[in-house]
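Engineer: As a plain string of letters, each chain reads:
Number of protein chains: 2
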Amino acid sequence: MNKEKMIHLVDTTLRDGSHAVSHEYTVEQISAIAGGLDAAGVEYIEVSHGDGLAGSSFNYGWSLTREEDMLIAAAKAIKKGKLTVLLLPGIGTVENLEHAARCGAKAVRVATHVTEADIAEQHIGIAKKLGLKTFGFLMMSHMAPPEKVLEQAKLFESYGADIIYVADSAGAMLPEDVKVRVGAVVDAVKVPVGFHAHNNLSLATANSLAALEAGASFLDGTCRGLGAGAGNTQIEVLTGVLDKAGYQTGVDFYKIMDVAEEVVEPIMHRPQVVRNAPLMLGYAGVYSSFLLHTYRAAEKFRLDPRDILVELGRRRMVGGQEDMIVDVAYQLAQKKGGSHEGR
Amino acid sequence: MNKEKMIHLVDTTLRDGSHAVSHEYTVEQISAIAGGLDAAGVEYIEVSHGDGLAGSSFNYGWSLTREEDMLIAAAKAIKKGKLTVLLLPGIGTVENLEHAARCGAKAVRVATHVTEADIAEQHIGIAKKLGLKTFGFLMMSHMAPPEKVLEQAKLFESYGADIIYVADSAGAMLPEDVKVRVGAVVDAVKVPVGFHAHNNLSLATANSLAALEAGASFLDGTCRGLGAGAGNTQIEVLTGVLDKAGYQTGVDFYKIMDVAEEVVEPIMHRPQVVRNAPLMLGYAGVYSSFLLHTYRAAEKFRLDPRDILVELGRRRMVGGQEDMIVDVAYQLAQKKGGSHEGR
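Chains as they are written, first to last, in this note's numbering: chain G, 1 to 343; chain H, 1 to 343.
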């Protein structure tokens, strides 16, 4: 752990945080938040629909503000930092990325499931040609063992990514899980490594510290921890903790606290606490998109939905396999000899 | 770290959590919460005014329910666990403790400032004579170096305490701070060691894990993290995290989640989040009783109250020294050459 080195902070209040306000940021709110973060010294300010460029849709939820207006407002408000966008190949396209660059984006995070880095090769290549700082972002990293995570990280590096992120998208990792995965990637690639945490197990801040101990130098967060479910790492708290632990971030602790309390808190739809549903997602290590299907299956087979979630996590089921939840519930019910429905 | 050993959980929703509901628990709520925790398998269930036995007063806030009614209701609801009370020598007396034992208390935590264990000798002696499981509880442990904490722990042990607690009352510790203090006490005493966390830096859960790694075997928490300011360790999350990390607690994860969401959450006055004021208390490592005096002094000398808090923490000022806050503010203002008031 080298505390002399600079820790780079990425604020994703206006991207991942957007899930928690139903993607309803106004242009004025985007300006105020992006401008406040920039004045506080945040280096990367991520602005996109919660599911990335072109995420605004029937499937993922419509944004209140058009993507172009969002990016232009943020670009105007940011003087020193880098306007950053997220791209999920399959949702966003190369055209969306080129458009974002024209609107002022200086960095992009190309995100894939932890085992699917190969679908990002073209997007990373184009991002580099556009002159963008390019991050490869491995989602749901808890689902793969360290050797798989590092293999995928090396793929990203071979495509030209400038920074590789390990993301604990379900907030399912313990500090030790973070250390082994981040440490494996740090040892395997030459580029800097980052970590993106979620707070489902109340460990987002501690896991961020664990990532630094394992050699990471980029960390994510959101004001007040804004984000789906239990939310993300609370960036103003993280800033204070890093300062207290002796790390340098270049972010003004008081200023970012003020952005959180005066600008972001008043527009939140609900407090960012760990209720039982996100706690169970983190405990089981499963996608939030499984919840609704799980509740339905639990009712049908008279099961505790928590038992289904734990079983889905045990089987390492991934997004897109939602239709199999009923099968899993049926098998659980059979095993318990409880329900006769569904036979 | 020996994961085979049993971790003992102490729930303090009905004591430390009481601060966050202005000590307004009703008899029905006390029965429901104590009964729920007991059914979930929690071993120690702490019930007292937030400031301990006899805390109900003009100075510390009146309890809605009389102490006797509180204890009798809890004792009736608890079948397997131990009804536990807190005693702060100077607020509660030996008579209060004897009364609590008659009402059904089976355990007592005798709490002092981290440097004042010697004021607890008589109380610990009487507690042992009453047949109570007796904890020595060192508050604000971040203010003393490990060698001082272990010296005070040994005093408690010499008086007969069955368990020694290191308490991070201001939520000011980083995991490393916890490890060195808890580790020092574990090495110095023969009795089991516990850790009480606060969440001002979003590290309560992680610090609890760090305490176990350093050899502790008792941990505190409250449902939904209920407590003053940023609150305590969220006990249902802690239960899940300990389970996931391979520790045994004897607590049913689903049942304690249900108590938190169905019984405790509906009676909370506000969500338990990390707003700026508790964040600053944890960052600076100072008492919450300093806040009001600090805001007044900041206004008088046109200072940022946060600068005053940081200075108070740097000087390791303790409770009772509130009148010196104006002096500290005056000196800060002089140094900044800002204000001419107060001369």
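What the hints contain is simulated information worked out from the structure, not anything from laboratory work.
Just so you know, not all the hints are guaranteed correct.
Since the list gives no way to pick out one identical chain from another, each pair is judged satisfied if it fits inside one copy or across any two copies.
[Said to hold, decoys possible] Derived DSS-like pairs: lysine-lysine, alpha-carbon spacing no greater than 30 Å straight-line:
no.: 1; residue 1: 255; residue 2: 300
no.: 2; residue 1: 244; residue 2: 179
no.: 3; residue 1: 300; residue 2: 106
no.: 4; residue 1: 336; residue 2: 255
no.: 5; residue 1: 106; residue 2: 154
no.: 6; residue 1: 336; residue 2: 190
no.: 7; residue 1: 148; residue 2: 80
no.: 8; residue 1: 244; residue 2: 128
no.: 9; residue 1: 336; residue 2: 80
no.: 10; residue 1: 190; residue 2: 300
no.: 11; residue 1: 244; residue 2: 300
no.: 12; residue 1: 335; residue 2: 154
no.: 13; residue 1: 300; residue 2: 80
no.: 14; residue 1: 129; residue 2: 106
no.: 15; residue 1: 154; residue 2: 133
no.: 16; residue 1: 244; residue 2: 335
no.: 17; residue 1: 128; residue 2: 106
no.: 18; residue 1: 76; residue 2: 336
Engineer: Each of the hints needs a verdict: does it hold here or not?
Structural biologist: Consistency of the hints with the structure:
Taking identical chains as interchangeable, the C-alpha atoms of residue 255 and residue 300 lie at most 30 Å apart only when they sit on different chains, with a minimum of 22 Å there against 51 Å within one chain. Proximity of residue 244 to residue 179 under the C-alpha cut-off of 30 Å is found in both arrangements, the shortest distances being 21 Å within a copy and 16 Å between copies. Taking the shortest Cα distances, residue 300 and residue 106 never come within 30 Å of each other, neither inside one copy (49 Å) nor across copies (45 Å). Within a single copy, residue 336 and residue 255 get their C-alpha atoms only as close as 55 Å, which misses the 30 Å cut-off; across copies the closest is 19 Å, which meets it.
With identical chains, the CA atoms of residue 106 and residue 154 are at most 30 Å apart within one copy only, with a shortest distance of 23 Å there and 58 Å across copies. With identical chains, the CA atoms of residue 336 and residue 190 are never at most 30 Å apart, being 51 Å at best within one copy and 46 Å at best between copies. Taking CA atoms no more than 30 Å apart as the test, residue 148 paired with residue 80 passes in neither setting, with 36 Å inside one copy and 47 Å between copies. Taking CA atoms no more than 30 Å apart as the test, residue 244 paired with residue 128 passes in neither setting, with 36 Å inside one copy and 41 Å between copies.
When the C-alpha separation of residue 336 and residue 80 is checked against a cutoff of 30 Å, the pair qualifies only between copies, where the shortest distance is 28 Å, while the shortest distance within a copy is 60 Å. For a Cα distance limit of 30 Å, the shortest separation of residue 190 from residue 300 qualifies neither inside one copy, at 51 Å, nor across copies, at 54 Å. Taking the shortest alpha-carbon separations for residue 244 and residue 300, only the inter-copy value of 28 Å comes in at or below 30 Å, while the best intra-copy value is 51 Å. Taking the closest pair of Cα atoms, residue 335 and residue 154 never come within 30 Å of each other, the shortest separation being 42 Å inside a single copy and 53 Å across copies.
With identical chains, the CA atoms of residue 300 and residue 80 are never at most 30 Å apart, being 54 Å at best within one copy and 35 Å at best between copies. Taking identical chains as interchangeable, the C-alpha atoms of residue 129 and residue 106 lie at most 30 Å apart only when both belong to the same chain, with a minimum of 12 Å there against 71 Å between chains. Taking CA atoms no more than 30 Å apart as the test, residue 154 paired with residue 133 passes inside one copy only; the shortest distance there is 17 Å, against 56 Å between copies. With identical chains, the CA atoms of residue 244 and residue 335 are at most 30 Å apart between copies only, with a shortest distance of 23 Å across copies and 51 Å within one.
Proximity of residue 128 and residue 106 under a CA criterion of 30 Å is satisfied intra-copy only: 11 Å inside one chain copy versus 67 Å between copies. Taking CA atoms no more than 30 Å apart as the test, residue 76 paired with residue 336 passes in neither setting, with 59 Å inside one copy and 35 Å between copies.
Hint violations for this structure: numbers 3, 6, 7, 8, 10, 12, 13, 18, all remaining hints satisfied.
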